[in-house]
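Colleague: The primary structure of each chain is shown beneath.
Number of protein chains: 4
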Amino acid sequence: MDINLNADLGESFGAWRMGDDAALLGIVGSANVACGFHAGDPLVMAETLRLAREAGVSIGAHPAFADLQGFGRRVVQLSKRELQAVVTYQVGALMGMAQAQGLRVTHVKPHGAMNNMACEDAAMAATIAAAVKAIDAQLILLAPALSQLASAARTAGLRVADEVFADRAYTDDGNLMPRSQPGAVLESSQACLEHVLRMVERGGIVCASGAFIPCSFHSICVHGDSAHAVATAAVVRDGLLAAGHRLRSLPELV
Amino acid sequence: MDINLNADLGESFGAWRMGDDAALLGIVGSANVACGFHAGDPLVMAETLRLAREAGVSIGAHPAFADLQGFGRRVVQLSKRELQAVVTYQVGALMGMAQAQGLRVTHVKPHGAMNNMACEDAAMAATIAAAVKAIDAQLILLAPALSQLASAARTAGLRVADEVFADRAYTDDGNLMPRSQPGAVLESSQACLEHVLRMVERGGIVCASGAFIPCSFHSICVHGDSAHAVATAAVVRDGLLAAGHRLRSLPELV
Amino acid sequence: MDINLNADLGESFGAWRMGDDAALLGIVGSANVACGFHAGDPLVMAETLRLAREAGVSIGAHPAFADLQGFGRRVVQLSKRELQAVVTYQVGALMGMAQAQGLRVTHVKPHGAMNNMACEDAAMAATIAAAVKAIDAQLILLAPALSQLASAARTAGLRVADEVFADRAYTDDGNLMPRSQPGAVLESSQACLEHVLRMVERGGIVCASGAFIPCSFHSICVHGDSAHAVATAAVVRDGLLAAGHRLRSLPELV
Amino acid sequence: MDINLNADLGESFGAWRMGDDAALLGIVGSANVACGFHAGDPLVMAETLRLAREAGVSIGAHPAFADLQGFGRRVVQLSKRELQAVVTYQVGALMGMAQAQGLRVTHVKPHGAMNNMACEDAAMAATIAAAVKAIDAQLILLAPALSQLASAARTAGLRVADEVFADRAYTDDGNLMPRSQPGAVLESSQACLEHVLRMVERGGIVCASGAFIPCSFHSICVHGDSAHAVATAAVVRDGLLAAGHRLRSLPELV
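Residue numbers (my numbering), protein chains in the order written: chain A, 1 to 254; chain B, 1 to 254; chain C, 1 to 254; chain D, 1 to 254.
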């Protein structure tokens, strides 16, 4: 099976470092690049794009609420027009920076609270999908499988990449188990790999209860915010390759 | 003679209003749109673009230092790489927002302290010109006539629109007289119009001393931050038309 | 009856002006001064304090969510610890600036969404009350009559000033009628004055339906964001004085 | 000899960590706490104050230019009134947060570019000294020995703590050697300790050339931005104690 690995990158800001972008870029096929609203200043963005180009990794915009202190994880209520404008602004900013390096932004994945809220709120999902389509109808929207966001993007006629998470347990309705519950985050690299392989091989989401929800997906989200996370990403990559799967960038897949 | 009028627009922010954009858009041929760093949030930008489209006015990016409280008028020292990144980011953001409305950004004019510093600092001017060229080599750089910025843009191979100011007196070396000096700002609409007509008819900058510096220019900068300023802009426009000149957008001229 | 008029002031930011602070300071007895998170930069705060001192008006801190673009009107979810910290930070900042001018901050009134949310959310109200008490147990909390915020402040042992609004209609449960409903905002100065006099004379909230909720209150909130608003504030002040009431600052009353 | 060790702390922001505050607080006698303009959000400030209280370390405000992305290291030109206001605001904010924990801010040390500029610019130094004095005349100003800032603070009648740097070489005029020059930063812990002991024992600044400038000083600045830096701070502390010196907090010394 052809599959994509994606990760959030470029989450440093000013003097503050976060994540090991160079290491992750050797593992994933697609990078979601912070656009300055929750992380990533223009200099960090330029450097992340440069590294992504060297690694041959496809580039996505990772827009968020304007919430630097909360890292875009705080719930913020925006009007439809504001939401559309902040998404467009951030995607445009990254597109411009990519263009200046001869690169193209090929996908969009909302970040943090914006993503979580849009996964459950159909109106918000539709607004984001419309914003992405208006700026470039060729953009792929990378969204959690079975989410309102994925659904809205399809309805809007966008190309959609559905994603599942390597290190998160699922409830029986296909949602991520809240982090507050025990077992919500898979701790060991081996557990993550097994979770991924089960989902890839069965063709759907394997829930924590053992329940199975058949669904297609194209991409697996891995993290890079700790040495452990990078090691897990590498284990998942190696395990997928060893099982005979092929790793692709998003534009090659969708 | 074919000539352009340009003005800074979209300088509101959040709940705060500044300038009478609707009135100015009925007067000028080209708008310099704030990009969120000194003024203009994504919602203001979207609305400014909408109004500019309705008015048939060409659109430029008006990037600035990240200095909302100082309105981009504070001297800030950035490294070359940072300057390049913040210009690219802002131009890209406006391009994206324009694209989402089916519009094109056709020029760039730095704002405030960034503009003033680049007019005198050849290295900084070259960095800005390079940033603009990298993002889109077809962009016009709108720069004060005789400035280092205009010169650097020409050296970089960019199209350049030279501008003069309707309401500012010039020193004998072709620089703007500092605002701290008496007579630096022409107060009456009639004085502004006469100043403009003299420069247009003689083909160069008429200094406060009466000295004359021959130079070509394409555009006249007018302001809209007060009712008086808008009235002056209208007087200048009407006077130019009455004298038989034709008003153009920047892409029609350069 | 002794009564207080309060208004939000110091809501300019950088180059942007809002409200006619000088005019309002001639009318009200107490000013709620923006602290930099939704409006009011350090320079604006210093100037507002200077004007308040000249006018002999008592000073309150007007803390808000960190949301400059949304003017503090956006719903933002903060943890208890974050909410406590942002309130303390803003009250402290204004206290320091007041101290530098030989003044004292004597009350606190949360702004916008923070205030609205705390009026209905008892836990949030308790957090704000605890933050205010920890920084200075002598501070008065200015809160809408009958709100969770007023109640939490009393439970915490703070002095509380209950307020009603001159220009807003009330529902039968004592809440402000949502602005989306017709009649939610009283348009004419005369209607505002009559509303205020009815509430002062009957000693409680007169609802839009005519229902009456007896409750004590100490302060009437007036606005200054337009020439009309300032005129209304003056009409309310003059009407109260003409009816024999005495206008006081909050520390004189509570 | 009684001497103080000081360090910059609380320089994390939101999701981003910087420095090992807990380790440094076990070494130094006084902490310069970031106030939110270059680093340190309200939550970080609250936590830093809590740790400082547990460690029995005296607390100073570390105000900076509003420059989060540049970490307060960018040259920014502010008017005298603005500079005064931003210093007062930040000192007040920390004072309020300290007060809420039953603590007192006892010193102020400007950060980064603000500090560097004020060390050479007498007018700027006088403005900062006046701002500090106005907010609390008992505050100690912690300033580099021989600087304009130390001089202005003495002229203003403030208590002054002069500092030298453990890990920086000095030019013959008593200034820090620019970081761009080889040898500007002492790399080994042992070299730092020897540098410190020489200065403490001779009672003045020992320059890189071997020249000696007699001057009193009260405090030695150490850093904590890397594991190496923390180790160096510990070596300096242990060496001073072994040589029979006593370590004090700033209020115990000045």
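No lab work stands behind these hints, which were simulated from the structure alone. Some clues are possibly wrong.
Among the chain A residues that face chain B by a calculated CB cut under 7 Å, a handful are [stated by the list, open to error]:
(1) 46
(2) 95
(3) 130
(4) 134
(5) 137
(6) 197
(7) 244
(8) 247
Please read all numbers here as calculations on a predicted model, not as lab measurements. We treat Cβ as the ideally placed atom computed from N, Cα and C, and that holds for glycine.
Colleague: Hey, does the residue 95(A) contact hint survive, CB to chain B under 7 Å?
Modeller: holds, 5 Å
Colleague: Does residue 130(A) pass the interface hint, meaning its C-beta sits closer than 7 Å to a C-beta of chain B?
Modeller: With a minimum Cβ separation of about 9 Å from chain B (threshold 7 Å), the hint on residue 130(A) is violated.
Colleague: Would you check whether residue 46(A) satisfies its interface hint, that is, whether its CB is within less than 7 Å of any CB in chain B?
Modeller: Given a least distance of 5 Å, the restraint on residue 46(A) holds.
Colleague: Against chain B, run the beta carbon of residue 247(A) and see if the smallest gap drops under 7 Å.
Modeller: Since chain B brings no Cβ nearer than about 29 Å to residue 247(A), farther than 7 Å, the hint is violated.
Colleague: Could you check if residue 197(A) really has its C-beta closer than 7 Å to a C-beta on chain B?
Modeller: violated, 39 Å
Colleague: For the hint on residue 137(A), just tell me whether its beta-carbon gets within less than 7 Å of chain B.
Modeller: violated, 11 Å
Colleague: Hint validation: residue 134(A) versus chain B, beta carbon distance must be below 7 Å. Holds or violated?
Modeller: holds, 4 Å
Colleague: Answer holds if the nearest beta-carbon of chain B is closer than 7 Å to that of residue 244(A); otherwise answer violated.
Modeller: violated, 40 Å
When each numbered hint is compared with the structure, violations occur for hints 3, 5, 6, 7, 8.
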